[in-house]
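Enquirer: Letter by letter, the chains look like this.
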Amino acid sequence: MPAGPEDVFRGRPIGRRLFIVLLGAGAAGIALAKHAYAGDDATPGNVATSVPVGSMTPDEGREPSEGVHPNIVPPERFRYYSVGDIPDFTERAWRLTVDGAGLDGGMELRLADLKAFPNVAIRSTFRCVTGWRVRNCVWRGVRVRDIVDANSPNAKAKHITFYAGDGVYTDTLTIGQARSDHAILAWELNGRPLIREQGYPVRLIYPDMYGYKNVKWLRRIEVKPVHDLGFWEQRGWDDNAYVYTPPSNG
Amino acid sequence: MDEPPLRLVQRFSGAERTLHWVYALLFVILLLSGLFLYLGPGQNPFLDRRELMRSIHLDAALALVALFLLVAAGSPGTLRRLRDDVEWFDRDDARWLLWVLVPRRLRGRPLPPQRRLNAGQKLNTVLTAAATVGFTVTGTLMWGGSALPTSLSEAADTWHLLLTEAMIPLVAGHVVVALLFPSTRGALRGIVTGRVRLDFARRRHARWAETLEQGEDTV
Numbered sequence: 001m002p003a004g005p006e007d008v009f010r011g012r013p014i015g016r017r018l019f020i021v022l023l024g025a026g027a028a029g030i031a032l033a034k035h036a037y038a039g040d041d042a043t044p045g046n047v048a049t050s051v052p053v054g055s056m057t058p059d060e061g062r063e064p065s066e067g068v069h070p071n072i073v074p075p076e077r078f079r080y081y082s083v084g085d086i087p088d089f090t091e092r093a094w095r096l097t098v099d100g101a102g103l104d105g106g107m108e109l110r111l112a113d114l115k116a117f118p119n120v121a122i123r124s125t126f127r128c129v130t131g132w133r134v135r136n137c138v139w140r141g142v143r144v145r146d147i148v149d150a151n152s153p154n155a156k157a158k159h160i161t162f163y164a165g166d167g168v169y170t171d172t173l174t175i176g177q178a179r180s181d182h183a184i185l186a187w188e189l190n191g192r193p194l195i196r197e198q199g200y201p202v203r204l205i206y207p208d209m210y211g212y213k214n215v216k217w218l219r220r221i222e223v224k225p226v227h228d229l230g231f232w233e234q235r236g237w238d239d240n241a242y243v244y245t246p247p248s249n250g
Numbered sequence: 001m002d003e004p005p006l007r008l009v010q011r012f013s014g015a016e017r018t019l020h021w022v023y024a025l026l027f028v029i030l031l032l033s034g035l036f037l038y039l040g041p042g043q044n045p046f047l048d049r050r051e052l053m054r055s056i057h058l059d060a061a062l063a064l065v066a067l068f069l070l071v072a073a074g075s076p077g078t079l080r081r082l083r084d085d086v087e088w089f090d091r092d093d094a095r096w097l098l099w100v101l102v103p104r105r106l107r108g109r110p111l112p113p114q115r116r117l118n119a120g121q122k123l124n125t126v127l128t129a130a131a132t133v134g135f136t137v138t139g140t141l142m143w144g145g146s147a148l149p150t151s152l153s154e155a156a157d158t159w160h161l162l163l164t165e166a167m168i169p170l171v172a173g174h175v176v177v178a179l180l181f182p183s184t185r186g187a188l189r190g191i192v193t194g195r196v197r198l199d200f201a202r203r204r205h206a207r208w209a210e211t212l213e214q215g216e217d218t219v
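Protein sequences, first through last, are from chains A and B. Quick note, the first sequence lines up with residues 1 to 250 if you use the numbering used here. Quick note, the second sequence lines up with residues 1 to 219 if you use the numbering used here.
In case anyone wonders, no lab produced these hints; they're calculated from the structure. Remember, predicted model here, so these are calculated numbers, not experimental data. Check each hint, because a few of them may be wrong.
[Said to hold, decoys possible] Among chain B residues calculated to face chain A with C-beta under 8 Å, some are:
1. Pro-45
2. Val-86
3. Trp-88
4. Asp-93
5. Leu-97
6. Trp-99
7. Ala-129
8. Thr-138
9. Ala-147
10. Ser-151
11. Leu-152
12. Ala-155
13. Glu-165
14. Glu-213
We treat Cβ as the ideally placed atom computed from N, Cα and C, and that holds for glycine.
All chains should be modelled from the sequences, with the hints used to inform the complete structure.
Expert: Here's what the structure looks like:
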């Protein structure tokens, strides 16, 4: 229909249309992103899946370089955080102490000793509480519960405090959380040893919870009757850092 | 005889200025508190105040929604007028957008005459309004967090961040034009006091100035 004189003077009614188009584009963007992430909904049942040990070989991943995670979706990359200096362990010098009032035993493990426990591998998404995430991480390690059970846990074994080798950072899990199939002490990511920033030689991986629970550069595992607050929890962060609606029994 | 050059005319009402400045204040609070929720160790001096930052961010977001509800309830004409101002784009607006970044000496002629809001301000208003709705929707989905499928809350998180990255240059450009460009600085008086000099209105908003002189425009 030809425009009348008033229409010519006023122009075209574009503002509201542009607004609605932008909202539509935004809604479509969210729907597309949701679709892209759909296979990765975190629930207690699927937050991690077991995969055959050795199923990720180094050749499948990109060449590792300092600070860059091999074999990841391009926009997804780890951001490495540390509250203290990054420790510079060698395999020869590193030891892991397992002790505490919740154990009748106790041990000090070299990396080779740790690797002698039954190896497991899990595929999971690593989620940081600040919002970034890295999908399809395959971690190789040993279950925390296998280490605990090898040290004769007693009735006082209620909580575990994990100590980082920087001498500053700690975090905790309940014994129930630590006995999960996917609470592991990992030394390998996607077929390669962890890089220093990632926690070399060994870090805790518990994909049910945000990354700050996943202590790097592990030096000590203390099994005890009392609950300590971790480094960030002492500063007000959630102790139950689940990435999904937590189970009612915590 | 010409009008005295210092004659002032009303450009923005009290409700419009309140909307603008409270929105600006809340935007800065949201941006900073959001930044301190987003940055990690080594970059963030407020990591040990994460809960406080989260409360500030959520309260400021609620205040932003309340601001629009209050203006809509208390001064419905304000939002209606804003909507009418940004609704129509004509050839002068298109030409204005085309030429505005070209220096005057290369352009060789003044920019096309504009109404109370020029084409850039109209576009900025529409983009800001759409982004505000986007922030509100994605923020609500993120706030729903663990009660929603992670694919939805993470999709919302991705777009909340992208919107922030898109809004920062838009707001930065708005502030630079308002504060630093001598030729447009006259507009700052309007959004602070509500009134601008008539000679500024004639120079930068000639079609609006015409309606003023014909007595058709009242705020």
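Enquirer: Quick one, is the Pro-45 (chain B) hint okay against chain A at 8 Å, beta carbons?
Expert: For Pro-45 (chain B), the interface hint is violated, since the closest Cβ of chain A sits about 12 Å away, which is over 8 Å.
Enquirer: With a cut-off of 8 Å, does the beta carbon of Glu-165 (chain B) approach a beta carbon of chain A closely enough for the hint to hold?
Expert: violated, 13 Å
Enquirer: Are Asp-93 (chain B) and chain A close enough, Cβ to Cβ, to be under 8 Å, as the hint says?
Expert: holds, 6 Å
Enquirer: Against chain A, with CB atoms and a cut of 8 Å, does the hint on Ala-129 (chain B) hold up?
Expert: Nearest chain A Cβ about 6 Å off; hint holds.
Enquirer: Using the nearest Cβ pair, does Ser-151 (chain B) come within less than 8 Å of chain A?
Expert: OK, holds: Ser-151 (chain B) within 8 Å of chain A, min 4 Å.
Enquirer: Is the interface hint satisfied for Glu-213 (chain B)? The criterion is a beta-carbon contact with chain A at less than 8 Å.
Expert: violated, 17 Å
Enquirer: Under 8 Å, Cβ to Cβ, is where Ala-155 (chain B) needs to be relative to chain A, so tell me if that hint holds or is violated.
Expert: holds, 3 Å
Enquirer: So, Leu-152 (chain B) near chain A? Judge it on the closest CB pair being under 8 Å.
Expert: holds, 5 Å
Enquirer: Holds or violated: is there a CB of chain A closer than 8 Å to the CB of Ala-147 (chain B)?
Expert: With a minimum Cβ separation of about 6 Å from chain A (threshold 8 Å), the hint on Ala-147 (chain B) holds.
Enquirer: Hint check: is the beta carbon of Trp-88 (chain B) less than 8 Å from a beta carbon of chain A?
Expert: The hint holds - Trp-88 (chain B) has a Cβ within 8 Å of chain A, the shortest such distance being about 5 Å.
Enquirer: At a threshold of 8 Å, is the proposed contact between Trp-99 (chain B) and chain A supported by beta-carbon distances?
Expert: Status violated, d = 17 Å.
Enquirer: Against chain A, is Val-86 (chain B) within 8 Å by beta-carbon distance?
Expert: Holds, because the Cβ-Cβ distance from Val-86 (chain B) to chain A comes to roughly 4 Å (cut-off 8 Å).
Of the numbered hints given earlier, the model fails hints 1, 5, 6, 13, 14; all others are met.
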